[in-house]
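Asker: Below, each chain spelled out in residue letters.
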Amino acid sequence: MESIFLQQTVNAILLGAIYALFALGYALVFSVLGVLNLAHSAIFMWGAFIGLLAVEQWQLPPLLALLLGALGGGLLSVLLEFIAFRPLRRRNAARISQLISSIGASILLVNIAQLLFQQIYNRTEAYYPLDLVLFPGMSTETIVLDDIGLRIQPIRIVILVIALVTMVLLQYMVTRTQIGQHMRAVAFSERIASLLGIPVSRIFVLTFFLAGIFGGMAGMLYGVAFRKVDPFIGENVALVGLTAIVLGGMGSIQGAVLGGFIVAALQTISIAAGGSSYSNAIVFVLLFVVLLVRPQGLLGQPENTRA
Amino acid sequence: MNTRKCCAFVLVLLLLFPVAVLAQDDATDEAMDEVQMGAWETCETPDNLPEEINLGVIYSLSGPISVYGGPQQQAVQLALEEINGSAYLGEGTTLTAIFEDSAGDAEQAINAMTKLVEEDGVVAVLGPTLSTEAFSADPIAQENGTPVMGTSNTAIGITDMGDFVFRDSLPEASVIPGTIAQSVEILGLERVGVLYGDDDDFTLSGYDVFIEALDENGIEIVGEETFSREDVDFSAQLTNLLNNDPDALIVSALSAEAVQIIIQARDLGFEGAIIGGNGFNSPDTIEQTGEASEGVIVGAAWNVASTNPYSEAYETAYEEAYGNAPDQFATQAYTGAWLFATAIRCANSAERSDIRDALAAITDLETPLGTFSFSETRDPIHDPVVQIVQDGAFAVLGAEDMEESE
Chain A
1 MESIFLQQTV NAILLGAIYA LFALGYALVF SVLGVLNLAH SAIFMWGAFI GLLAVEQWQL
61 PPLLALLLGA LGGGLLSVLL EFIAFRPLRR RNAARISQLI SSIGASILLV NIAQLLFQQI
121 YNRTEAYYPL DLVLFPGMST ETIVLDDIGL RIQPIRIVIL VIALVTMVLL QYMVTRTQIG
181 QHMRAVAFSE RIASLLGIPV SRIFVLTFFL AGIFGGMAGM LYGVAFRKVD PFIGENVALV
241 GLTAIVLGGM GSIQGAVLGG FIVAALQTIS IAAGGSSYSN AIVFVLLFVV LLVRPQGLLG
301 QPENTRA
Chain B
1 MNTRKCCAFV LVLLLLFPVA VLAQDDATDE AMDEVQMGAW ETCETPDNLP EEINLGVIYS
61 LSGPISVYGG PQQQAVQLAL EEINGSAYLG EGTTLTAIFE DSAGDAEQAI NAMTKLVEED
121 GVVAVLGPTL STEAFSADPI AQENGTPVMG TSNTAIGITD MGDFVFRDSL PEASVIPGTI
181 AQSVEILGLE RVGVLYGDDD DFTLSGYDVF IEALDENGIE IVGEETFSRE DVDFSAQLTN
241 LLNNDPDALI VSALSAEAVQ IIIQARDLGF EGAIIGGNGF NSPDTIEQTG EASEGVIVGA
301 AWNVASTNPY SEAYETAYEE AYGNAPDQFA TQAYTGAWLF ATAIRCANSA ERSDIRDALA
361 AITDLETPLG TFSFSETRDP IHDPVVQIVQ DGAFAVLGAE DMEESE
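Protein chains in written order, with UniProt numbering: chain A, 1 to 307; chain B, 1 to 406.
Among these hints, one or two may not hold up.
A few chain A residues that face chain B, going by a derived Cβ cut-off under 7 Å, partial list only [what the hints assert, rightly or not]:
#: 1; residue: 4
#: 2; residue: 7
#: 3; residue: 140
#: 4; residue: 142
#: 5; residue: 236
#: 6; residue: 271
Over 10 Å on every C-beta distance to chain A, these chain B residues come out as not near it, computed from the model [said to hold, decoys possible]:
#: 7; residue: 67
#: 8; residue: 84
#: 9; residue: 86
#: 10; residue: 114
#: 11; residue: 115
#: 12; residue: 157
#: 13; residue: 181
#: 14; residue: 215
#: 15; residue: 237
#: 16; residue: 295
#: 17; residue: 307
#: 18; residue: 360
#: 19; residue: 362
#: 20; residue: 393
Calculated from the structure, these hints are not laboratory results. Even glycine gets a Cβ: it sits at the ideal position worked out from N, Cα and C.
Produce the complete structure using the sequences and hints provided.
Answerer: Pasting the structure below:
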């Protein structure tokens with residue numbers, strides 16, 4: 001009984017790390033733009049896809065593939081800023097149209113991936129190699145701790161560490177560096193920021209680039225952990241990621257991470273308690289309750305005191 | 001104003017999407033095969049057919065389910081090339097497929113069926129891919145008196161929709177009881193854990209049949225867990241199940257989830273048999289799970305290892321045309337196209353009701369699936385195979401024992 005509890009806790013933490021990494025990019029764009037970038041899930045998928053092509057088609061070392069997946073995600077995300085967001089912002093379009101534009105971009109990105117999958121694999125799914133390890137010398141063997149009845153895949157620990165490190169770095173950047181100050185200024189008011197001489201456009205590009213890097217990296221790591229990649233892997237994570245950032249507080253970096261872990265914990269708890277049919281329902285009931293009781297999220301501040 | 005433009009942009013994208021998907025499937029291929037020609041001849045060459053006969057085909061060509069729909073479409077194209085190449089319907093008559101994409105979506109399947117049956121006036125329809133789609137779309141064919149044949153619908157109740165609804169895909173109800181009975185006998189199972197998808201007609205009806213079969217064999221169920229389509233992490237469910245120390249895991253899942261479930265069950269230290277339904281019956285199951293697949297048991301309508309000469313000839317032609325081995329669903333789609341062609345040939349007519357009657361009368365036709373007949377309820381009758389993964393390949397379960405006892 002004890003061991004199953006421990007194993008389930010570990011299951012939840014490792015699942016939460018993936019959610020958290022994904023939610024970070026979501027949160028970052030939202031904190032600066034105040035707009036949800038619904039194409040983030042497509043960036044995530046592209047990160048996994050590019051990483052897959054790198055290891056599987058181009059035979060590159062996995063770490064380089066991870067770098068490419070992250071960079072590819074970053075560049076695609078910047079492209080989105082130029083094509084889907086900036087033109088609308090220029091014309092002072094309502095935020096809802098930016099949201100819709102991001103949905104359109106997302107559909108387009110997924111479809112392009114689908115065509116490429118068909119071209120390359122003659123089908124719409126592909127798998128990371130079974131024996132892939134991220135670092136030379138890392139093992140694919142499950143770590144077995146029989147004394148306490150625990151089993152962990154090494155890749156999941158790597159993801160956990162990367163998610164936590166990324167969170168700390170990002171938090172540091174946003175709160176302690178000049179770029180972070182600029183980001184927060186832009187988040188507070190684009191107009192005031194530009195009056196202060198902050199290169200607003202560049203800050204936007206940088207924000208999208210960073211968010212894309214997290215998205216791409218999360219995608220690639222997700223691909224390595226679960227192996228299967230198809231053009232639709234972003235969809236599932238998108239909903240969970242959205243729940244995570246709403247839970248944690250829209251635009252809060254720690255909030256996104258916390259939210260990711262809470263969602264994973266809830267899903268796991270509901271399954272462990274015997275209600276695997278309701279695991280998603282429970283997550284969304286919670287989302288609903290949070291929106292009613294504390295709309296700014298767990299770690300968010302009320303709208304009027306932000307920034 | 002901007003919002004409007006933006007919406008229009010999105011709409012245009014949405015509209016372009018199916019076009020883009022459909023545009024890419026330029027029919028390949030030379031692959032003509034002599035073995036097939038004549039093998040299907042159960043009736044005289046027809047002389048009463050129009051120059052062009054349109055067959056409607058609805059498969060999930062985009063979206064996650066295209067994993068099944070893509071190969072199904074390829075298989076139908078291959079069958080049509082062979083049918084037309086061998087003048088199976090007589091010189092001067094061409095059987096042409098009109099492909100529609102159902103994208104794994106019931107609404108889209110309804111639209112596709114309506115278009116094919118009412119606008120295009122097809123003589124018969126193959127598909128749709130999912131049972132869920134079939135339950136929505138097939139009634140339209142039934143109302144219009146158009147024969148429709150599911151080639152991958154295995155849920156209970158498909159052919160109850162009407163006398164124009166057929167399928168050549170062996171329902172789970174025909175495959176699973178044998179799978180369980182044989183596994184119990186050969187492996188001596190006593191306690192099992194059950195894991196199934198609870199948001200899909202196919203996996204749900206698989207679950208029902210499994211439970212019934214387990215009950216009949218007096219097997220104790222020590223735990224039941226569910227998951228949703230597209231889930232990737234099953235650790236929590238598996239941890240729960242394995243905590244009860246089952247002899248085997250019974251899994252009703254589509255192939256995408258099956259791969260993850262097998263790998264993760266082994267990661268959690270499970271060494272017993274993992275018994276799956278139709279969803280497990282794909283080359284991917286072994287290829288993508290590697291060593292973890294050892295001991296996986298699948299009952300299936302067809303397997304690539306089949307030694308039936310019709311199956312081997314088809315397999316060769318398919319591999320030549322598309323560069324990879326066909327799966328069961330492609331085989332059933334291929335057979336479906338030939339079954340319709342045979343019905344048209346035997347009916348010597350392109351009338352929907354004549355084709356229906358001729359189709360229902362098909363008995364003991366040699367096909368890649370084996371010797372094939374339709375039952376009175378328009379369900380397929382042919383022998384299933386129970387396979388176990390050994391040394392990285394599917395082998396017939398208990399084959400050695402059986403040889404010994406003979």
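Asker: Hint by hint, say whether it matches the structure.
Answerer: Status of the hints after comparison with the structure:
About 5 Å separates the beta-carbon of residue 4 of chain A from the nearest beta-carbon of chain B, less than 7 Å, and the hint is met. Given the 7 Å rule on beta carbons, the hint for residue 7 of chain A holds: about 5 Å separates it from the nearest Cβ of chain B. Checking residue 140 of chain A against chain B: minimum C-beta separation of about 10 Å lies over 7 Å; hint violated. Because the smallest distance between the Cβ of residue 142 of chain A and any Cβ of chain B comes to about 5 Å, under 7 Å, the interface hint for this residue holds.
Below 7 Å, beta-carbon pairs count as interface contacts, and residue 236 of chain A has one with chain B at about 5 Å; its hint therefore holds. The criterion of a C-beta within 7 Å of any C-beta in chain B is met by residue 271 of chain A, whose closest approach is roughly 4 Å, and the hint holds. For residue 67 of chain B, the requirement that its beta carbon stay farther than 10 Å from each beta carbon of chain A is not met, with the minimum near 6 Å. Distance check on residue 84 of chain B: its Cβ is at least 23 Å (rounded) from any Cβ of chain A, clearing the 10 Å threshold; non-interface status holds.
The non-interface label for residue 86 of chain B is consistent with chain A: the shortest C-beta to C-beta separation is roughly 26 Å, beyond 10 Å. Interface exclusion of residue 114 of chain B from chain A stands, the closest Cβ pair being 24 Å apart, more than 10 Å. Its beta-carbon lying about 22 Å from the closest one in chain A, residue 115 of chain B satisfies the requirement of being farther than 10 Å from that chain. The beta carbon of residue 157 of chain B sits about 22 Å from the closest Cβ of chain A, which is more than 10 Å, so the claim that it is off the interface holds.
No beta-carbon of chain A is positioned within 10 Å of the beta-carbon of residue 181 of chain B; the least distance is around 28 Å. The claim that residue 215 of chain B is not at the interface with chain A holds, since no C-beta of that chain comes within 10 Å of its own (minimum 21 Å). With a minimum CB-CB distance of about 5 Å to chain A, residue 237 of chain B fails to clear the 10 Å threshold, and the non-interface call is violated. Chain A leaves residue 295 of chain B outside its interface by the beta-carbon criterion, the shortest separation being 17 Å against a cut-off of 10 Å.
No beta-carbon of chain A is positioned within 10 Å of the beta-carbon of residue 307 of chain B; the least distance is around 26 Å. Taking the minimum C-beta to C-beta distance to chain A, about 34 Å, the non-interface status of residue 360 of chain B holds against the 10 Å cut. Residue-level check passed: residue 362 of chain B sits 31 Å from the nearest beta carbon of chain A, beyond 10 Å. With a closest Cβ-Cβ approach of about 16 Å to chain A, residue 393 of chain B is found to remain outside the 10 Å limit, as its non-interface label requires.
Consistency with the previously given hints fails for numbers 3, 7, 15, ordered from lowest to highest.
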